[in-house]
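One-letter residues, chain by chain:
2 protein chains.
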Amino acid sequence: MQIKSSLEDNRADELAHFFDLIKPKIVEYVSRADPQSEKYEADSLGKFHGPEELKKIFSNNEDLETGIKGNDSKLEGFVDSVLKYSVNTWSPGFLDKLYASNNPIGVISDIILSALNTNSHVYTVSPVLSVLENDIGKKYAQFFFDDNQDTCGGLTFPGGSWSNITSMQLARAMKFPDTKEHGNSNYKFAIYTSEHCHYSVLKGAILIGLGLDNVFKVKVDKEGVLDTQELDRVIQNSKEKGYTPLYINSTAGTTVFGSFDPFEEVAKIARKHGCWFHIDGSWGGNVVFSQQHRKKLQGSRLADSITVNPHKMLGVPTTCSFLLLPHVSNFQGALSLAAPYLFHGREGDDENFDLADGTMGCGRRPDAFKFYLAWLYYGTEGFASRVDHAYSICKDFVEKISDKPGFSLVVGSKQNLPACLQVCFYYRPEGYTSDLCTPVTRFISRELHKRGKYLVDFSPNPSPNDSQGEFFRVVFNSPILTPDTVDDLIASIVDAGRDFKPQN
Amino acid sequence: MQIKSSLEDNRADELAHFFDLIKPKIVEYVSRADPQSEKYEADSLGKFHGPEELKKIFSNNEDLETGIKGNDSKLEGFVDSVLKYSVNTWSPGFLDKLYASNNPIGVISDIILSALNTNSHVYTVSPVLSVLENDIGKKYAQFFFDDNQDTCGGLTFPGGSWSNITSMQLARAMKFPDTKEHGNSNYKFAIYTSEHCHYSVLKGAILIGLGLDNVFKVKVDKEGVLDTQELDRVIQNSKEKGYTPLYINSTAGTTVFGSFDPFEEVAKIARKHGCWFHIDGSWGGNVVFSQQHRKKLQGSRLADSITVNPHKMLGVPTTCSFLLLPHVSNFQGALSLAAPYLFHGREGDDENFDLADGTMGCGRRPDAFKFYLAWLYYGTEGFASRVDHAYSICKDFVEKISDKPGFSLVVGSKQNLPACLQVCFYYRPEGYTSDLCTPVTRFISRELHKRGKYLVDFSPNPSPNDSQGEFFRVVFNSPILTPDTVDDLIASIVDAGRDFKPQN
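Chains A and B supply the protein sequences, listed in that same order.
Numbering-wise, the numbering used here puts 331 at position 331 of the first sequence, and it's gapless, one number per residue.
Numbering-wise, the numbering used here puts 331 at position 331 of the second sequence, and it's gapless, one number per residue.
Wrong hints could be hidden among the right ones.
Each pair may be met inside one copy or between any two copies, as identical chains are not told apart.
Here are the simulated SDA-like pairs of lysine to any residue, each with C-alpha atoms no more than 20 Å apart in a straight line [what the hints assert, rightly or not]:
hint: 1; residue 1: K23; residue 2: K39
hint: 2; residue 1: K268; residue 2: Q415
hint: 3; residue 1: K55; residue 2: K139
hint: 4; residue 1: K25; residue 2: D72
hint: 5; residue 1: K4; residue 2: E399
hint: 6; residue 1: K414; residue 2: S81
hint: 7; residue 1: K180; residue 2: K217
hint: 8; residue 1: K39; residue 2: D9
hint: 9; residue 1: K219; residue 2: E264
hint: 10; residue 1: K4; residue 2: Q291
hint: 11; residue 1: K395; residue 2: L302
hint: 12; residue 1: K404; residue 2: T433
hint: 13; residue 1: K217; residue 2: P460
hint: 14; residue 1: K188; residue 2: D213
hint: 15; residue 1: K56; residue 2: D135
hint: 16; residue 1: K84; residue 2: D135
hint: 17; residue 1: K400; residue 2: I3
hint: 18; residue 1: K241; residue 2: F216
In short, the hints are calculated from the structure, not lab data.
Produce the entire structure from the sequences given, and follow the hints as far as they go.
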């Protein structure tokens, strides 16, 4: 009996055919969202569709049984629907999240990763991508630690949360190596973080077996910056109650306000109490590329670990997150477990090239390659100009709304600009009488989305002293944004606000 | 002053240009690895290159400073080198890992994900992909639990390790909800697993703050199957010592031998002791698609959680891993933390569409889409024939080496075939005198790689009673494999073995 499968017959031809099928669709998709293109459509972002509606549209149950191989029209119909009903993140109106659109070189990096279909867990199967990850991780880390620090480096993790969680595990394994055998049982560990931190710090504490009781949330000032005197007091008090200080999380670019904690001060307190000092720079860490703004990171060289996500401020395709260490060999030193069926060891190499061995995971998509190629394409200079441009757009928006009736900043001012690339503001339409902005903010946000033009986010104040309800949080983080976009966004908010009725 | 960036000028044109630049390279790359193509080259897998050599080749320091935008020849040179020095996983000789090559529809799914550049953490930015993930997660889960079970479902995690780790956190949060506040402090939790389990179970135990002392490794029989009587005894003993049984890990397709634990029996013991019952089916779980082999999963309907990776046996691009639950709402119920700046809540929806809320992470690459599109393309029938074909190739190999001098199986026989798609065997070349196969196995494996033809893995026996050293572990998991590949592989091993000299 001949054993043969026809499932993957003529792969090269099929792939060539698929390239021809998908290219015009994707190029068209990007054109429609690009103000520079003749095909630009102002509502290309896409309108809101609820889950029930989409479930009906994407109900492919019969085809899932038999497959649609060989039926191009079904395949094209499916792809067209996916593109049509998704949010077109290439649109200048995608101002919702801390990441922006992809870009052409980013698509190329994803295509290469897909073609290689490798796994950067061991060197044997991913030699090139392991070398590039080590190389770019070191270069990146030297921006934060020290240009000449030869020991520093970084690895990617599948998102900022996992980078943060890994840093907690590193802290525990490095400072209390007996926990590898005994767990937390001999300690009452404490973690300290500002009340404006990302939720992954809390989830991380739960995951590593501490629980929320062991997380001490420290007050911030009205701009969302960690109060270091309070931090010192909180640590001192917790020690008196029998806690063992494990880990201080500080933030470079908080999620809501975009604030930067005072890292030099935090470092001193961490040293005083023998605590691990982590910087969650998932969002704001990449200001390191800007000559003008990198001073916000002063003290980063003193950190024990730094999370920073090229997929946010640098436009690398999602997801790409690095955890950087002053001594990169600690990944393997602290996290390795002998798994001889996978990690066979190689003689004469002083660097770790079996990268998964230094993580708490196994299989890894080689996300670092996307960063490497973006860096190679745009250069350090390109990244610098990207960050500076985004800050300029942000400034433009702040200056313009400062003069507009109805707008008021939640944090920052024309003179004292927001620390990062998001602007948090209230908007009250003419005649709006309530103190609380939640209903009008949600209404306008929904209206803008309904028009297919803007997707903007909103949030309550993460400090408990808030009294004006939810506000807009708009993120300016794309090289395609111009002052025209800013003008149009402001006009669109005012316009949508006119339709608000208090009973809505 | 006009604020303008030229970094992403003319994105649509640039993207169209890049498609034209990359398409011939990728198609050529696949052609060279495809025995059906005229351009097939037997050594297309690629030869081994050490890290020092590659570091010299990929030393782009000056270009990283200024960038190479606009310089197509530099870009092409870089891409060509990445392809040239990487392992070509499309080659029929890529038999090393538990995943096979990508396929054309897989590349299309990655291109669409890259174009969408969305983040499946909240519905607002990823409406279609959230609906598709819920839909396919449920359909997938019904294969393991019950066709009619309307409550079941699954979410993706960035690799089997994270799915397993998440299942441990679910177990703790569901069974001992007070741990969310107090951590492990009130308990001395115990985890039980076979000594052949994947290392992620151990790393997971460390990560969740238990430590290796709290992991009880249970003996296996000579085929690597968990001894359930021993499991019962170990749990009983641990209880008498004051441990609280938390979690039993059993495996569908162990990493080295590919064995399946007896899930019906494990379920009974789990119920008896009030333990969470997890199945790590990262590798073997997808036999669920085969009418002939799905009986190996008998009892899976009783599991509390199941990990299964479409990126392994089903040829979906890496990484794509699901954690399936009988009650999918428990993801959010057990793992959610209020984060009102991200999860705004929506009225009238009884399903969770803000998917990150039910995970311990935040940003998520929507890996489920790759699985959805592969399933839609090949159909349930295609997946079934894929799995059955791979088993036939495996059988062909086992039958052929059973008659060949020098070959001996570590586990299984012609009559009692290996349980999964890998074959573990020793090979001793003619005249080889040592009992221990480690040097000859490593030599042959390295030789095959040097020839650019085959990448095969090797491993020590995970049971301590092993006495013959390391053996080959070859994985037959691709629709392009034929009996000709099998014949050629056997001949190549014999041939490479001829060059072995004991002093090597």
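Open item on the list: For K404 and T433, with the copy left unspecified, which applies at a CA distance of at most 20 Å: within, between, both, or neither?
Closed with: within (18 Å within a copy, 88 Å between copies)
- [ ] Using 20 Å as the alpha carbon limit, work out where K56 and D135 are close: within a copy, between copies, both or neither.
- [x] For K56 and D135, the Cα distance is within 20 Å only across copies (11 Å; inside one copy 48 Å).
- [ ] With 20 Å as the alpha-carbon cut-off, assign the pair K39 and D9 to within, between, both or neither.
- [x] Answer is between; shortest inter-copy Cα gap is 15 Å, intra-copy 38 Å.
- [ ] At 20 Å max between alpha carbons, let me know whether K180 reaches K217 within a copy, between copies, both or neither.
- [x] between (27 Å within a copy, 16 Å between copies)
TODO: Could you figure out if K55 and K139 sit no more than 20 Å apart (CA to CA) within one copy, between two copies, both or neither?
DONE: Classified as between: cross-chain Cα gap 14 Å, same-chain 46 Å, threshold 20 Å.
TODO: Classify it for me, K4 with E399: is the Cα-Cα distance of at most 20 Å met within a copy, between copies, both or neither?
DONE: between (68 Å within a copy, 17 Å between copies)
Task: Copy assignment of K217 with P460, given that the CA separation must stay at most 20 Å - done: within (18 Å within a copy, 48 Å between copies)
TODO: Indicate which option fits the pair K188, D213 if close means a Cα-Cα distance not exceeding 20 Å: within, between, both or neither.
DONE: both (10 Å within a copy, 18 Å between copies)
- [ ] Go through the copies and call it for K84 and D135: within, between, both or neither, with a Cα cutoff of 20 Å.
- [x] between (39 Å within a copy, 19 Å between copies)
Task: Intra- versus inter-copy proximity for I3 and K400 (alpha-carbon distance at most 20 Å) - done: between (70 Å within a copy, 14 Å between copies)
- [ ] Classify it for me, K395 with L302: is the Cα-Cα distance of at most 20 Å met within a copy, between copies, both or neither?
- [x] neither (30 Å within a copy, 58 Å between copies)
Open item on the list: Regarding K25 and D72, is the shortest C-alpha distance of 20 Å or less found within a copy, between copies, in both, or in neither?
Closed with: within (14 Å within a copy, 24 Å between copies)
In this structure, the earlier hints numbered 2, 6 and 11 are contradicted, and the remaining ones agree with it.
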